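Chemist: Kindly produce the complete structure, drawing on both the sequences and the hints.
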Amino acid sequence: MAGIVSYGTYIPTYRLPRDLIAKEWGTPSLGGERAIASFDEDSLTLAINASIDALGNRDPQTLSGVFFASTTSPYREKQAAVTVATVLDANPEVRTMDFTDTLRAGTSALLTALDLVQSGKNILVCSGDFRMGEPDSPQEQNYGDAGGALLVGTENVLAEVVGTYTISQEFLGTWRTEEQDYLKSFPGAFETKFGYNRFVAAAVQGVLKKCGLTAKEIANAAIAAPSQRILQAALRGLGLDVKSQVQDTFWNTIGDAGTAQPLVLLAAVLERAKPGDLILAVGYGDGGDAAVFRVTEAIAGFKAVRSVYSQIEVKRTLPSYGKYARFRKLMRKDYTTTDISTPVVLLRDKNEILPLHGGKCPQCGTIQFPIHRICIECGYSKGLEEVKLPRVGKLFTFTHDYLTETPDPPTTHAVIDLDGGGRVYVQLTDCERSASTTKGMV
Amino acid sequence: MNIRDKVAVIGAGCCKFGENYDMSAEDMIVTAAMEAYADARIEPSQIQAAWVGTLSSAMAGNALADPLKLFNIPITRVENYCASGMDAFRNACMAVAAGMYDVVLAFGFEKLRDSGQRGLGTFGNHPVVGYGTTAPSLFAMAANRYFNTFGIDKRALAKVAIKNHHNGTMSPKAHFQMEVTEEQVVNAPLICSPLGLFDCCPTTDGAAAAIICRADLAKSFRPDPLLVKGVGLAVTTGEPYLKPGFAYTGFPATAQAAQQAYEQAGMTVKDIDLVECHDCFTITEILNYEDLGLCKKGEGWKYVEEGRASIGGEIPVNPSGGLKSFGHPIGATGIRMIYEVAQHLWNKAGARQVKNAEVGLAHNLGGPGSIGCVTILANK
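These protein sequence lines are chains A and B, in that order. Read in order, the letters of the first sequence correspond to residues 48 to 489 in the working numbering. Read in order, the letters of the second sequence correspond to residues 1004 to 1383 in the working numbering.
It is possible that some hints are incorrect.
Stated by the list, open to error - Okay, derived cross-link-like pairs now, EDC-like style, lysine to aspartate or glutamate, Cα gap no bigger than 20 Å in a straight line:
id, chain 1, residue 1, chain 2, residue 2
1, A, K441, A, D455
2, B, K1246, A, D464
3, B, K1222, B, E1302
4, B, K1246, A, E432
5, B, K1246, A, D396
6, B, K1246, A, E399
7, A, K380, A, E318
8, B, K1246, A, E124
9, B, K1072, B, E1038
10, B, K1009, B, E1242
11, A, K407, A, E424
12, A, K263, A, D288
13, B, K1273, B, E1302
14, A, K350, A, E399
15, B, K1246, A, E433
16, A, K397, A, E432
17, A, K362, A, E140
18, A, K407, B, E1038
19, B, K1358, B, E1266
20, A, K362, A, D87
21, A, K370, A, D464
22, B, K1246, A, E318
23, A, K441, B, D1105
24, A, K407, A, D466
25, A, K168, A, D148
26, A, K350, A, D381
27, A, K376, A, E225
These are calculated hints, taken from the structure and not from any lab test. These numbers come from a predicted model, not from an experiment.
Modeler: What follows is the structure, given as structure tokens:
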């Protein structure tokens, strides 16, 4: 039976209090805070971080599909799912697909994976979204950035699918055309009343009917929503008790994470689920998607690499709206350095840059990065063995560099000795910039 | 083959180092070369070949041929990071020692201030590996590693800045003639933690020249030629940050180059009367003491603190003011060091003169500590 084998979530480190946004524009604050992707993150990196956790130590060769869902893919033309597959070291014969352009893309990717996954195989469904609300708009306060990933498979599932339901409805409530930088929403309660409320009701009622269940039998529901307030209103009359049966939307701490939101909510539900629980997942946008799962005994032995709740607690608060504006390039700034990223280098070095492969010397065993032609330690020249390097290591030395141009100075350069061998030289983000200490270095 | 006593320095020249907004590269090159010609009592037409070190200010032998109108002779541009100047000198020495030429010119220059850039800018021609690296960042990581290993902090580094700024006040051609206090140094704005503004050498324009000839002909030009006793060059990894096990508390390239030079000279550190070393950053000078053998590993910070590196100390280091005060026009620095050592060995260094100096060592360091070049000169 198909179901969810594993999950991962990624909440970026930074938060922007809504009071700061409101203060910037002299408008009312909606309260709480929203998650902000750092200047070097986008929907794809948010999804990748969640995906690495979701795959965990499982064999990437078992992946028959990698699906990426977002309304903010970094490319207008160029797939993002293939990048996720490359980072994960999936077999090149994997089927990769992007699900885009609708808020429902996250749940549509999940339902498609549940339909397609074959016995013994896994499909990774991931999503990252960082939607741009127009500066000085309610959307700017509402939206939040996050990534979520679910590994769909048939063996050792944490939750097996009981039934799925989709309803597709043409409706123009929130949209963005080729020419628009920011999302547009039809003003007033029009969208909520004739869009969101109808879609959620249809999806919830549709899937329950299809599964022969009543709302009371649902232990917990992950229902995506533009805000907690709108969710509460939408659920009136559906028989679900918001307090005891419905997962909080994290609107107060993360914000509306778009296509990633239902995946993050489902992960949060699974974090606290018990064997036998029936759980409901709902996504909306141009209609609605819904799925019901039954939690299995396997849930007792599963622990997420990073829990949603711990990531909500571990955060750094941006000091100003200006910092957010730099991160999102809302203000024009002329840089003297040019963008030197080239497709040719990526072609040659993709195994080093994306899945973090290094070389291991067959003669002396030294693990090194990048994959040198000749061993840096013993001079062995017949080629190094390509190995996957761990993404965890210890700080060997570092500096906070105030010369390097960056939207978030200083740039922290660091030499990291990776666990199990290998040394990398990288830039650290999301770290404390206390300049004087060498505490914690190996 | 050993180079000892085969090659002599018979003249040296150096323009005023600094923010030379009023001088072009041509102005600086001509000034330094004319001083060297006069010092060696030669005419330009006697130059049979030349080597010119510059990191990025010009390309090819024309960098020197065009400003000096030195046409129709072999001229080679040398680039070996910040050790480009001394490597130009080394190549010139090798050619003379080989018997190919009698009199040659070794030259170095750099024009950095014509662009508004601070330092050398940001390196990296790979979009990910090493992206965004700057020169101070590479040495700052050595400083934090040294702090972590030997338990000292930036007040120890400040001693180098204080000493070299003090020496600079007696060095009229230096970029800076100003004293600094420990409080000024440790409270200066951070450039790359833990290195602050006064831990870093300035961004400087300059040019320097040395005239070299066969040792057996040297006395026909001047009565007191200086003999090249040894020249060493070592290239180690240019990516120490990627080399597993690299300790980051010293630069093996310096130690290797010094060993080559000491061996050729038949000398040890005890024979050295003064050192001009590559203090691109204060931490670098402390590491240089250790790598050159002036003191034991981990004790470099004490060497400066105890005054052993001061003029009048055990072995005065950087009486010129060093890169810290004299400035660091990249390609010029290695030749400028030869110039400075020569002034002391000729007893012409004025207020900063190291008394009774007979043997001087000059040390040029390039890249992330990957290129070490060491020259030993003596007046006997």
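Chemist: Which of the numbered hints above does this structure break?
Modeler: 1, 3, 7, 8, 10, 14, 17, 18, 19, 21, 22, 23, 25 and 26
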